[in-house]
Amino acid sequence: LKINDPACGSGRMLLAAHAVAPGNYYFAEDLDPMCCLLTSVNFLFHNMEGQVVCHNSLNPTEHTYRFGYEIKRLSAALPIPVIRSIPREQSITCMIYDAWRQERLAEIEAGKQPPTGSATNPNHLPKQPQKEPQKKQTPQMSLF
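First residue of the sequence shown: 12, per our numbering; consecutive thereafter.
Think of the hints as simulated: they come from the structure by calculation, not from any bench. From the three backbone atoms N, C-alpha and C, an ideal C-beta is built for every residue, glycine too. Be careful, since some hints might not be right.
Quick list of in silico lysine to any residue cross-link-like pairs, SDA-like style, CA-CA up to 25 Å [unchecked claim]:
1) Lys-13 <-> Leu-26
2) Lys-83 <-> Val-93
3) Lys-123 <-> Ile-107
4) Lys-13 <-> Arg-84
5) Lys-83 <-> Met-45
6) Lys-123 <-> Ala-110
7) Lys-83 <-> Leu-55
Cβ-Cβ distance ranges computed for the label pairs, FRET-style [claimed, not checked]:
8) Ala-30 <-> Ile-119: 37 to 47 Å
9) Val-93 <-> Arg-115: 27 to 37 Å
10) Leu-48 <-> Lys-123: 36 to 46 Å
11) Arg-95 <-> Thr-72: 18 to 28 Å
12) Ala-27 <-> Leu-48: 12 to 22 Å
13) Asn-35 <-> Ala-110: 18 to 28 Å
14) Gly-34 <-> Ile-94: 10 to 20 Å
15) Ala-87 <-> Lys-123: 24 to 34 Å
16) Pro-17 <-> Ala-121: 25 to 35 Å
17) His-57 <-> Glu-120: 41 to 51 Å
Required output: the full structure, derived from the provided sequences and hints.
Laid out in structure tokens, this is it:
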């Protein structure tokens, strides 16, 4: 299982996921370099395996990429964790973004319009007719 946190901070959400289901591969992304360093150290301390990338996860272009690390957990062959610096080309989240971007550009060139709207902005969905709110009839109070 692969788990991604696009705004990881110090990596606490990924640590919680590791505590519940250890042995997964984790991706951590953040804009703040200090947070990425903290997440890398947390990965090392908790024997987690994954990648930590410092970039803008909303727009992960080559201009927003700062640095990245790949962390390998302890193994029988190598009893110490390994952390190595990775370029943008080896970051899996950047590879996924680049593939998605190429698909979108190909669709635009082919004349297809990419879908508009999303789950939070469903402009492409048909409008539902609005119902008039019915006034609640309160019973008249009787004194007798």
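Hint-by-hint comparison with the structure:
no.: 1; hint: Lys-13 <-> Leu-26; in the structure: 13 Å, holds
no.: 2; hint: Lys-83 <-> Val-93; in the structure: 5 Å, holds
no.: 3; hint: Lys-123 <-> Ile-107; in the structure: 21 Å, holds
no.: 4; hint: Lys-13 <-> Arg-84; in the structure: 15 Å, holds
no.: 5; hint: Lys-83 <-> Met-45; in the structure: 20 Å, holds
no.: 6; hint: Lys-123 <-> Ala-110; in the structure: 17 Å, holds
no.: 7; hint: Lys-83 <-> Leu-55; in the structure: 8 Å, holds
no.: 8; hint: Ala-30 <-> Ile-119: 37 to 47 Å; in the structure: 43 Å, holds
no.: 9; hint: Val-93 <-> Arg-115: 27 to 37 Å; in the structure: 36 Å, holds
no.: 10; hint: Leu-48 <-> Lys-123: 36 to 46 Å; in the structure: 42 Å, holds
no.: 11; hint: Arg-95 <-> Thr-72: 18 to 28 Å; in the structure: 23 Å, holds
no.: 12; hint: Ala-27 <-> Leu-48: 12 to 22 Å; in the structure: 20 Å, holds
no.: 13; hint: Asn-35 <-> Ala-110: 18 to 28 Å; in the structure: 22 Å, holds
no.: 14; hint: Gly-34 <-> Ile-94: 10 to 20 Å; in the structure: 19 Å, holds
no.: 15; hint: Ala-87 <-> Lys-123: 24 to 34 Å; in the structure: 51 Å, violated
no.: 16; hint: Pro-17 <-> Ala-121: 25 to 35 Å; in the structure: 29 Å, holds
no.: 17; hint: His-57 <-> Glu-120: 41 to 51 Å; in the structure: 45 Å, holds
Violated hint: 15 only; the structure is consistent with all others.
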